[in-house]
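**Q** Chains as they are written, first to last, in the numbering used here: chain A, 4 to 142; chain B, 4 to 142; chain C, 4 to 142; chain D, 4 to 142.
Treat each hint with caution, since some may be false.
You can't tell identical chains apart in this list, so a pair holds if it fits in one copy or across any two.
[To be verified] In silico SDA-like cross-links for lysine to any residue, where the CA-CA straight-line distance does not exceed 20 Å:
no.	residue 1	residue 2
1	21	48
2	126	74
3	59	118
4	21	47
5	126	78
6	122	135
7	21	80
8	21	82
9	59	76
10	59	47
11	21	104
12	21	81
13	122	31
14	21	131
15	122	58
16	21	140
17	126	32
18	122	51
19	59	80
20	122	62
21	59	78
22	59	134
23	21	78
24	21	84
25	21	105
If you're looking for bench data, these hints aren't it; they were derived computationally from the structure.
Read off the chains here:
There are 4 protein chains.
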Amino acid sequence: MKKPAPDQHDFPFWTDEKFRIADTDLNGHINNNAIGQLYEAGRGEIISSVLGPPAKREIGAALARVTIDYLAEAHYPGMARIGSRISRLGTSSITISQAIFVEGRCLGMADSVIVFLDKATRKSTPMPEHVREGFTRLG
Amino acid sequence: MKKPAPDQHDFPFWTDEKFRIADTDLNGHINNNAIGQLYEAGRGEIISSVLGPPAKREIGAALARVTIDYLAEAHYPGMARIGSRISRLGTSSITISQAIFVEGRCLGMADSVIVFLDKATRKSTPMPEHVREGFTRLG
Amino acid sequence: MKKPAPDQHDFPFWTDEKFRIADTDLNGHINNNAIGQLYEAGRGEIISSVLGPPAKREIGAALARVTIDYLAEAHYPGMARIGSRISRLGTSSITISQAIFVEGRCLGMADSVIVFLDKATRKSTPMPEHVREGFTRLG
Amino acid sequence: MKKPAPDQHDFPFWTDEKFRIADTDLNGHINNNAIGQLYEAGRGEIISSVLGPPAKREIGAALARVTIDYLAEAHYPGMARIGSRISRLGTSSITISQAIFVEGRCLGMADSVIVFLDKATRKSTPMPEHVREGFTRLG
Numbered sequence: 004m005k006k007p008a009p010d011q012h013d014f015p016f017w018t019d020e021k022f023r024i025a026d027t028d029l030n031g032h033i034n035n036n037a038i039g040q041l042y043e044a045g046r047g048e049i050i051s052s053v054l055g056p057p058a059k060r061e062i063g064a065a066l067a068r069v070t071i072d073y074l075a076e077a078h079y080p081g082m083a084r085i086g087s088r089i090s091r092l093g094t095s096s097i098t099i100s101q102a103i104f105v106e107g108r109c110l111g112m113a114d115s116v117i118v119f120l121d122k123a124t125r126k127s128t129p130m131p132e133h134v135r136e137g138f139t140r141l142g
Numbered sequence: 004m005k006k007p008a009p010d011q012h013d014f015p016f017w018t019d020e021k022f023r024i025a026d027t028d029l030n031g032h033i034n035n036n037a038i039g040q041l042y043e044a045g046r047g048e049i050i051s052s053v054l055g056p057p058a059k060r061e062i063g064a065a066l067a068r069v070t071i072d073y074l075a076e077a078h079y080p081g082m083a084r085i086g087s088r089i090s091r092l093g094t095s096s097i098t099i100s101q102a103i104f105v106e107g108r109c110l111g112m113a114d115s116v117i118v119f120l121d122k123a124t125r126k127s128t129p130m131p132e133h134v135r136e137g138f139t140r141l142g
Numbered sequence: 004m005k006k007p008a009p010d011q012h013d014f015p016f017w018t019d020e021k022f023r024i025a026d027t028d029l030n031g032h033i034n035n036n037a038i039g040q041l042y043e044a045g046r047g048e049i050i051s052s053v054l055g056p057p058a059k060r061e062i063g064a065a066l067a068r069v070t071i072d073y074l075a076e077a078h079y080p081g082m083a084r085i086g087s088r089i090s091r092l093g094t095s096s097i098t099i100s101q102a103i104f105v106e107g108r109c110l111g112m113a114d115s116v117i118v119f120l121d122k123a124t125r126k127s128t129p130m131p132e133h134v135r136e137g138f139t140r141l142g
Numbered sequence: 004m005k006k007p008a009p010d011q012h013d014f015p016f017w018t019d020e021k022f023r024i025a026d027t028d029l030n031g032h033i034n035n036n037a038i039g040q041l042y043e044a045g046r047g048e049i050i051s052s053v054l055g056p057p058a059k060r061e062i063g064a065a066l067a068r069v070t071i072d073y074l075a076e077a078h079y080p081g082m083a084r085i086g087s088r089i090s091r092l093g094t095s096s097i098t099i100s101q102a103i104f105v106e107g108r109c110l111g112m113a114d115s116v117i118v119f120l121d122k123a124t125r126k127s128t129p130m131p132e133h134v135r136e137g138f139t140r141l142g
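Next up, chain A with everything else stripped away, as it sits in the complex (with noise of 0.2 Å):
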């Protein structure tokens, strides 16, 4: 049974992002693996926003597990909006669930799971108390 589309109001936080020619595909249409990249997009700045950028987190961040559903085509030229909220805070993981929009429709859904590294031995660690407050206020 299929899922019922998101509505904009479940998203406490927003990506805005523009498709590129060079995210269309021989069916006229934008990417699948584009798709991909702005849903990874808003990850980032979700992540972002309660960790800092890439290069000064005190821990990292990966992705362990996504599930894309796409409702409709994307075409160029175009914006898309991508709306992202923490839908599970785990110990060592959350679990990030978007969807994205053109001009207000819902073109698809996606739920990610990010396992928190230690950034010396590349394993599993719990999230420091202070980011996990800082995604308990995303959820």
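Model the placement of chains B, C and D on the given structure of chain A, informed by the hints.
**A** Relative to chain A, chains B, C and D alone:
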């Protein structure tokens, strides 16, 4: 609970791909969307083995959902082998299960739901019987 | 001998783009092909400002040659502004000269030769007069 | 005046690459930035044949300028062969001349200026003598 990592003997269909410098990202590894491109390359080849190349297909094929598990990092330079099999055969859709291997080691896996489309109406359409038989042999 | 770095006042047409994580590579900077995508984005917009979006153009436009100078590295996260102008106006081709700026600093420049094509024959075709006038205003 | 299309005998070094669905664009052909990725793949391999893989090089290598001529379109599916040779050997830079062939037909060519960098200071540095000899053999 995590699924066990797939074995190379699970897959009847193989696609060989090569990592590019442009596939890497600031983490020093192959970017997760580049991995997505390789699964897409594998899906393209297993679908083409039954339906012919995109320009000559009697029905269209669209990605409706993809789930990717990332088990280990991949690095440039290197070659990847993508194993594919048809793990579910519906009336107007199939699921392609895949795994990616580098030097015999499984780096992750993907399940993709492909919906077949009438080329004129772009609506979901049942597979013709000979197409269904073709995919059955790749289960 | 190197050309001097362009100044922002040299360009009548501007395109704003945002760096993505997927644009980075193992050198920790924005990959040179991602920079190429941004110049292409700028070319697409300046051409569309005269000819309309790709799906509605009366003549086709194909890249025949591009030269890119890389003056400095770009890093994620960040926004880029791409300045574009028509630096040569031929009968059936134009040259678009561009530069990319991040926070006011020029990171490089590009010259691209665009050839106009008859949409039916895919052969080179002269620009209609109103198209020529449109590009003249962007010189 | 156009340069003549290169011949396969002009190149001592070859790289094999495969077109991906994600390399295509809305024009139905391989996107010009994907072609750029293939030239970069070829440059990576010819440089690695002398300097070793990126992680193990004694000096860094950065792209300073690239010129690409697009002579004909490429289409998915297909394989490309990229021929590379060192066409100019400076003190702290080289020029790599390349051409891309599909089924024996030349689709275009590229000239790339590579500058060698001290890995600590990121400043231009002369090639060590054994590196220079290595590139001389690929002229």
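**Q** Each hint: holds or not?
**A** Hints versus structure:
no.	hint	in the structure
1	21 x 48	both (15 Å within a copy, 12 Å between copies)
2	126 x 74	between (36 Å within a copy, 13 Å between copies)
3	59 x 118	within (17 Å within a copy, 29 Å between copies)
4	21 x 47	both (16 Å within a copy, 13 Å between copies)
5	126 x 78	between (40 Å within a copy, 18 Å between copies)
6	122 x 135	within (17 Å within a copy, 38 Å between copies)
7	21 x 80	both (8 Å within a copy, 15 Å between copies)
8	21 x 82	both (4 Å within a copy, 12 Å between copies)
9	59 x 76	between (36 Å within a copy, 19 Å between copies)
10	59 x 47	within (13 Å within a copy, 29 Å between copies)
11	21 x 104	both (12 Å within a copy, 18 Å between copies)
12	21 x 81	both (6 Å within a copy, 14 Å between copies)
13	122 x 31	between (41 Å within a copy, 13 Å between copies)
14	21 x 131	neither (34 Å within a copy, 30 Å between copies)
15	122 x 58	both (11 Å within a copy, 19 Å between copies)
16	21 x 140	neither (27 Å within a copy, 26 Å between copies)
17	126 x 32	between (39 Å within a copy, 16 Å between copies)
18	122 x 51	within (16 Å within a copy, 29 Å between copies)
19	59 x 80	between (34 Å within a copy, 12 Å between copies)
20	122 x 62	within (6 Å within a copy, 26 Å between copies)
21	59 x 78	between (35 Å within a copy, 13 Å between copies)
22	59 x 134	within (14 Å within a copy, 36 Å between copies)
23	21 x 78	both (11 Å within a copy, 18 Å between copies)
24	21 x 84	both (9 Å within a copy, 13 Å between copies)
25	21 x 105	both (10 Å within a copy, 17 Å between copies)
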